[in-house]
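Here the structure of chain A is known, so what remains is to put chains B, C and D with the ligands in place on it, guided by the hints.
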Amino acid sequence: MNTQDIIAAAQAVHAAILGNEQQIESLDRAIGDGDHFINVRRGCEAIAAIMPELVPLPPAQAFNRIGMKLLSTIGGASGPLIGSFFISMGKELEGSPEPDAKHFARALVAGVEAIKNRGKADLGEKTMLDVLIPASRLLLRLADEGCDRDTLCTRLKEEAESNMLATRDMIATKGRAHFLGERALGHIDPGAKTSQVALFAVCDMLTVGAAS
Amino acid sequence: MNTQDIIAAAQAVHAAILGNEQQIESLDRAIGDGDHFINVRRGCEAIAAIMPELVPLPPAQAFNRIGMKLLSTIGGASGPLIGSFFISMGKELEGSPEPDAKHFARALVAGVEAIKNRGKADLGEKTMLDVLIPASRLLLRLADEGCDRDTLCTRLKEEAESNMLATRDMIATKGRAHFLGERALGHIDPGAKTSQVALFAVCDMLTVGAAS
Amino acid sequence: MKKFVNDVEQLLQESLQGLATAHSDLLTLHLDPTFVTRKQLPQPKVALISGGGSGHEPLHCGLIGTGMLDAACPGQVFTSPTPDQMLAAAAAVDRGKGVLFIVKNYAGDVMNFQMAVEMMPQPCATVLVNDDVAVERSTHGTGRRGVAGTLIVEKMVGAAAEAGASLDQCKVLGDRVNSRTASMGVAFTSCTVPAAGRATFDIAEDEMEFGVGIHGEPGRRRGLVRPAQELVNELMAAILGDLQPKPGSEVLLHVNGFGGTPLIELYLLYHCANQLLEGQGLKVARSLVGNYTTALEMAGASLTVTLLDEEMKSLWDAPVHTVALRW
Amino acid sequence: MKKFVNDVEQLLQESLQGLATAHSDLLTLHLDPTFVTRKQLPQPKVALISGGGSGHEPLHCGLIGTGMLDAACPGQVFTSPTPDQMLAAAAAVDRGKGVLFIVKNYAGDVMNFQMAVEMMPQPCATVLVNDDVAVERSTHGTGRRGVAGTLIVEKMVGAAAEAGASLDQCKVLGDRVNSRTASMGVAFTSCTVPAAGRATFDIAEDEMEFGVGIHGEPGRRRGLVRPAQELVNELMAAILGDLQPKPGSEVLLHVNGFGGTPLIELYLLYHCANQLLEGQGLKVARSLVGNYTTALEMAGASLTVTLLDEEMKSLWDAPVHTVALRW
Ligand SMILES: Nc1ncnc2c1ncn2[C@@H]1O[C@H](COP(=O)(O)OP(=O)(O)O)[C@@H](O)[C@H]1O
Ligand SMILES: Nc1ncnc2c1ncn2[C@@H]1O[C@H](COP(=O)(O)OP(=O)(O)O)[C@@H](O)[C@H]1O
Ligand SMILES: [Mg+2]
Ligand SMILES: [Mg+2]
Ligand SMILES: [Mg+2]
Ligand SMILES: [Mg+2]
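Chains as they are written, first to last, in the working numbering: chain A, 1 to 212; chain B, 213 to 424; chain C, 425 to 751; chain D, 752 to 1078.
Check the hints yourself; a few may be wrong.
[What the hints assert, rightly or not] Lysine-lysine pairs mimicking BS3-like chemistry, simulated, CA-CA at most 27 Å apart:
id, chain 1, residue 1, chain 2, residue 2
1, B, K328, B, K369
2, C, K427, D, K753
3, D, K754, C, K426
[As the list claims (entries may be wrong)] Derived contacts from chain D toward chain C, CB cut-off under 10 Å, selection only:
id, residue
4, L1004
5, C1023
6, E1048
Please keep in mind that the hints were generated in silico from the structure rather than gathered at the bench.
For glycine and all other residues, C-beta sits at the position ideal for the given N, C-alpha and C.
Only chain A is shown next, with the shape it has when bound in the complex (with noise of 0.2 Å):
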């Protein structure tokens, strides 16, 4: 993976993030307060514009440099979740200018365990990390067991996806859903719901229109 994969990716998620405008604000609305899909919309836009920048930087920096902007950026809860996310991905792969997939999944494990850490969530708290815990966690069994990439990015994709759908039947114990108690049941989170349409774009463009 390089950087030009990043910027790659990073573009998938901005598009995917815009096709689903309608579905991540309603969650938010009905939630939360309403600015989730706002938030994740300025930070991509944010990285759009600095691009340019990222083209020369290797991977450790383009994520670190991702991560500075999204935290400067986005704001909210996500804000520095996000943001922390990718610092962290970028620290883990400090000194590998093309790391492989396992690097790559050991960098994802590092960027969710720091989401953990600023947000002191885990598993079942109706957040973002019900699917990037998984997520995580099984891309890194994947990649270890060394498993082709399209088959990869399906399991990935179907794991996500009942993730997502799972913060459905939850109580929020973190995040403003966390003041609704039981109203919450019934809605998706609106971070678990990003957090899988990016992955599904990601995994999208690796599977399709991969350039490398």
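This is chains B, C and D with the ligands only, laid out in the frame that chain A set:
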């Protein structure tokens, strides 16, 4: 006419105003500020509350008391106008314990004159005066001619009805509707409507449920 | 209708009781008839009294105090108060130097205050405020409406009265401030008179009422909502067309919210209006932004410009201590 | 959506520019990153910084000035600001006596301020405000929300900092004021985040959201609208249940409008709440009524009670000179 008649008329007017709430209210909402019905109802309720005080008074003083009470209860544009109306009627009837129809007609004319002076308005300005001026003139003429009560009331009602309706096609040059210019066209003036409703109520009381 | 209310008939009185209790250092509430006076009546000075229908809060009761009004007579919501209130208020605050009534130019207010004036034993005068340029002057009509400029008249005349100006001087000053003040507003939503229980007017999801009055009365025309800068341009064209300021003039810019528009938007309007004025070579020397002359919960705002001179600037800057204005 | 706006993306910045221009005697606006500071930075003192999503105006930028905040970091509407804003603000207003962040307890605000704290070179501390009793404390959750009580914390800590209190003293005081403050609100309508363009929640013509948050988040339950006194009774039962005041205690009563409710109703609520408190043997020693911690144009209000002591009373009474509070 004696104070009993005045009290009965006040009660009839009160009931009639309440019966026309919807229309009066919607007219002032359309070309005014929506409070005319409430203002007039507040006035009617204040008079109902001082009924016992009125009973022993001669007509002149009863009208004066009613006028002063309305003046301090209704407020808005209609308060000083309706208040002045009754105060002037009372003044005209001074010294007359049981005025006849002619004297009462002159009092009505004096009351309407007071409205004209207070509001600096005249015929054709889309106000209550468009009902009241012609009605007072007609009453004066018919009373002079010795017209019988039923005919008189029928003629008065016809006159009030058509003049009330005619305000629909006027542009206002007084009152809040004035600010609307041509946009007031197509709406009856609320004050003209309440005047017609009040006149109808008194006429109906005199012809159907007459006590004296 | 959804409002914080117990019995609609008692709303005004309960609210005034709340006001007087919350600001018992500043205000005294009188009932039967209803009026509010300044707690500490100062040394002999011209007594300034205003009043009008309620629903425009903080106008007028929130403007009672040092450097501004001595009393205010609140009517029912959007309904002018009655002469007995004005007479009682005058009797309570007259210090022997005469009474000045500051009245917004509406038929109801004018007639009720006029009747009070006719019955008053004290020397008195009246300043009629008619700053709203939305509805053109006309020779026959009742004339223009009094809107957010009223506060500016009350502030400047209040400062003059506090400094010892005579009744005549206060009257002349009030007329002068009024003649140098112009306003116009636009509304996005209607308001609901509590006793009526439903919105005064209907308006579509993409419409605005241009030149609206502070009772939700219609103004110049109904139109589609447009960007803020365009609205400001059009409002200012009417205002400056009326005032005809000389280039380089100093002005006071007042952005007034009608109640239902958040401050974030009012300050954006201020930004647009300030840039426009400066762009036309005028100097915005004083500013006031906020909900001062409201129409209950109506969403919308008005712009007011007052042409200043040195005297008016120092009257504006003079100390004021009321519920709504303090410096 | 009908709002005064040019380009939704520019709303916040244009509004802040309006604010800074209208109050150029008090405020300085900084861009890239965005924060607002007090014009005159006083003698060395603990620097007080607050911030949070915009849409709650006048909170927090309207509370910058003598006796209150030194800087505020406004985020996008209802979205917490970012660490770079806080770091830049801290660098701008730190006078060498440390920086105190006053933060409303929301995951986003807490995490962003926490990241700033981790990156800060200066000594600093954080007071988390969590006065909203609508959503119960729970051991697992993020805890209660910070709402209108934030202003009270900022006022009292601001007075202490101005008087020379140390960073530690300010932190202890802030925590103490927070622990003696409880709030709860109710909303009749939703609000519309400009960038979203539609109402955050739907609510029927006869419904209210009981225990609503200041972002239009749902609260305890949806219910039918009831008379004001009943709502006040229920809100106060929750508030006093939390504070457990001793009979005879002195309290501060703050009635806060969410933006879309007229003052006439807020004062009626004050009247009801004041009577209730006095009826329970408490003394309402200080009062504040108005739109201070808003949720854009949401109709509704919250009640806040703070248990006072002599120190807190004198901190409340200490001079303050900001856009929104001045005495
Ligand atoms: N403590 C936390 N840990 C992990 N994720 C969280 C946490 N708090 C919130 N989130 C995620 O953030 C999302 C909301 O993000 P966003 O709407 O942008 O911020 P805010 O809640 O401040 O408005 C939630 O849907 C949830 O997935
Ligand atoms: N100058 C005037 N002369 C006569 N009638 C008037 C005048 N101004 C207003 N009116 C009448 O008063 C009515 C409005 O009364 P009301 O709604 O109670 O007062 P306001 O206009 O102050 O709200 C109008 O419909 C009109 O008939
Ligand atoms: Mg959100
Ligand atoms: Mg009316
Ligand atoms: Mg009226
Ligand atoms: Mg948010």
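Tested hints:
Distance restraint check for K328 of chain B and K369 of chain B: the Cα-Cα separation of roughly 21 Å lies within the 27 Å cut-off, and the hinted pair is therefore satisfied. Using a Cα cut-off of 27 Å, the hinted pair K427 of chain C and K753 of chain D holds, with the two alpha carbons roughly 22 Å apart. In summary, the hint linking K754 of chain D to K426 of chain C is supported, as the alpha carbons are separated by about 22 Å, within the 27 Å threshold. Hint on L1004 of chain D holds. Least Cβ distance to chain C is approximately 8 Å, under the 10 Å limit.
Annotation: interface hint on C1023 of chain D holds; nearest CB of chain C at approximately 8 Å, less than 10 Å. Because the smallest distance between the Cβ of E1048 of chain D and any Cβ of chain C comes to about 5 Å, under 10 Å, the interface hint for this residue holds.
Every hint from the earlier list agrees with this structure, and none is contradicted.
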